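A.B. asks: Let chain A serve as the given structure and place chain B on it in line with the hints.
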Amino acid sequence: MNRRRMMAVARAEWIHIRRDPRSLVVILILPVFMLLLYGYGINYDLDRIPFAVWNLDGTQVSRDLIDEFRQNRYFDLRESVLEQRRIEELLDERKVVFVLVVPPDLGGTVGAGRPAEVQFVLDGSDTTRASVALGYIEGVLNDFSGQLQAQWANRQGTQVAAPFTVYPTILYNPDLRSRPFIVPGLIAVLLTLLAGLLTSTCIVREREWGSFETLIASPAAAGEIVLGKLIPYIVIAFANVVLSIVVGWVVFGVVPLGSMALLLTASMVYMAASLGIGLFFSAVSRSQQMAILFAVLLTFLPTILLSGFVFPLRSMPTIIAAIAQIIPATHFLVIIRSLYLKGAGLEILWPQLLVLAGFAVVIVVVAAGRFRKRL
Amino acid sequence: MALAVEVSNLVKRFGDFTAVDGISFSVSKGEVFGFLGPNGAGKSTTIRMLCGLLLPTSGEARIAEHDIYRETELIRRSIGYMPQFFSLYPDLTVRENIEFYAGMYEVPRARARERVEELSGRLGLEGLLDRMTRTLSTGWRQRAALATALVHQPPLAFLDEPTSGVDPVTRRQFWEFIDDLAREGTTVFVTTHVMDEAEHCTRLVIMHDGAIIAEGTPEEMRTRYVQNMVEVQAAPLWEALEALQASPLVREAALFGDALHVQLREEVVDPAEAVRQALGEAGVAVEAAECIPPTMEDVFVALARGGEEAVREASP
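If you read the protein sequences in the order shown, they are chains A and B. Note that my numbering numbers the first sequence so that position 335 is 335, with each residue one more than the last. Each position in the second sequence, counted from 1, maps to that position plus 1000 in my numbering.
The shape of chain A in the complex, shown without the other chains (with noise of 0.2 angstroms):
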């Protein structure tokens, strides 16, 4: 490994990065504007859950029952339907995420001590929103049982216990906002992006202009050519890490909770990772529109898609979750979303540090072989 020759490389690539004002949009306002508009739009949280009810009772429990839910500041009582055909024009039009259904003779099932049942009917159809509404209603119907309960045993002049009361404590998002849990993901997404915008395209394009014939000419080795690219697109993705961690900060109040030089250590080894896979697809594409394909299906969409950025590897198939683990970003979201959200320390991640270093060593090294000194 010749260091002359590999920093020659890398001066030219830095001298070709500054140069093309395309390429500094792309790598200093992109990542920035996409953090801004995914981190306002991307939200898990409900508020004001739109509903409607259809009272078939009218008895002092069922109208208790009903300002249980008008009094909570997450939902929002839009309509009283008075026949059943008016259900599904509601959920249909998406007026409503539900429709609570009160049985006739609710007031006196109670009454007499047994057990009663309502009807939630729930639009499906957006599964997220359905399972957080659900979730939602179950909270108040627990709350609105326990008083039943305790009003009845006072009745009888007796007092029970209620059976259990949960006080939940959720540690490291108290207030489960979906915020601190979402931002940190996006920068990490955001990053694989940029990682492979920025070197997919750096050894095809000297295929495109000519450059390549002499390159390959030169005594300059594969591994020379490949790290010299490398160097200038590490300080870039440096500049772009730093950027993420402030825009979180600042605009969305994003703070990691664990320790910033470690954040920074993943986020750097992270983008050596993915800077390296955007120059292997470099190295075997034949023109730079092929190289941002691959790196657009082969990395970006896996990134979103299976590397628990958005569903939960839990909740995959085994095998699936089998291939999230060979994507770099899942044990990335691992490392970064700890560090925001529990501050857990390289005590506790130097594996998935210690996976993404070997993905970053891995891959340059292949990238390197594939760099062929041929025409």
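Note that these hints are calculated values from the structure, not bench results. Keep in mind that a hint or two might mislead.
To be verified - Computed footprint of chain A on chain B, listed as stretches where at least three residues anywhere in the stretch have a Cβ under 8 angstroms from a Cβ of chain A: (1) 1046-1054; (2) 1082-1088; (3) 1095-1108.
As the list claims (entries may be wrong) - Distance condition first, Cα-Cα at most 20 angstroms in a straight line; then the derived EDC-like pairs of lysine to aspartate or glutamate: (4) A:Lys-373 - A:Glu-13; (5) B:Lys-1029 - B:Glu-1065; (6) B:Lys-1029 - B:Asp-1180; (7) A:Lys-373 - B:Glu-1106; (8) A:Lys-373 - B:Glu-1073; (9) A:Lys-95 - A:Asp-47; (10) A:Lys-95 - A:Asp-123; (11) B:Lys-1029 - B:Glu-1199; (12) A:Lys-373 - B:Asp-1067; (13) A:Lys-373 - B:Glu-1071; (14) B:Lys-1029 - B:Glu-1184; (15) A:Lys-373 - A:Glu-208.
As the list claims (entries may be wrong) - Partner residues are not named here, just some residues of chain B that face chain A (Cβ under 7 angstroms, in silico): (16) Arg-1076; (17) Arg-1077; (18) Asp-1091; (19) Leu-1092.
Computed from a predicted model, the values in this text were never measured in an experiment. Glycine included, each C-beta is placed from N, C-alpha and C at the ideal position.
C.D. replies: Just chain B now, with coordinates in the frame of chain A:
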């Protein structure tokens, strides 16, 4: 004298197409060796094999005494290569391009700066060192490419069509520069499809359809392959051309500037007189007809058009 290039039975096939068909030749150190032939003759394919960019289908070659299969990296250190097509970094300046290749060939930085000054002075690039190569016209791009190929003072330089797309003045300067290089001890291997440039070579081969059809010094080429060449001034020129082409004594007649170059068959003893006679019979007024030494273009026309048949007859 030691050989800079030694090639035997080199073959390159691309699928069914044979680009280079078993060629053999050698180049001594210090030569300006010309590789001539029309576009598509297989010149660039040969150069690429010799520089280690393409693997030959079969055959042997040694460059600077290194084997092209096993010692490619050693070869790369000993040569400079200027490809046929624009191969500089378009968004780097001339100076940055030269310095980049100085780095690739491990030229120390201080020496690299000296070389930039030296080469730009000799190639007239001084005023353009800080221009991006994308903004240069072809002639200047070719000069810059030549400078990058020579920054490390290689003992052997492969120049693939250095003068293509270059104006006649620049072309002349290029050849003067190449002559100087050779005098300083660099072996130059140069291809061209412009036949008259062959005059600058110490030795040359002519390639046609992947094979070498002629080899020798420019002088040998002219005397061996083309005899009985007559330059004719006549009026009207077109009628003279038609009359001569119809004559059984004439092997080849072609327009050459405002005159005709006529090659007569070997058995004709007094070619100039034969031409006068033939034109007299056809009723065309002859202004002048005299025997001349053939130009390289005459040689190539004779070889390529008169065909390989003529070559086979003439070859020893």
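A.B. asks: Hint by hint, which ones does the structure fall short of?
C.D. replies: none
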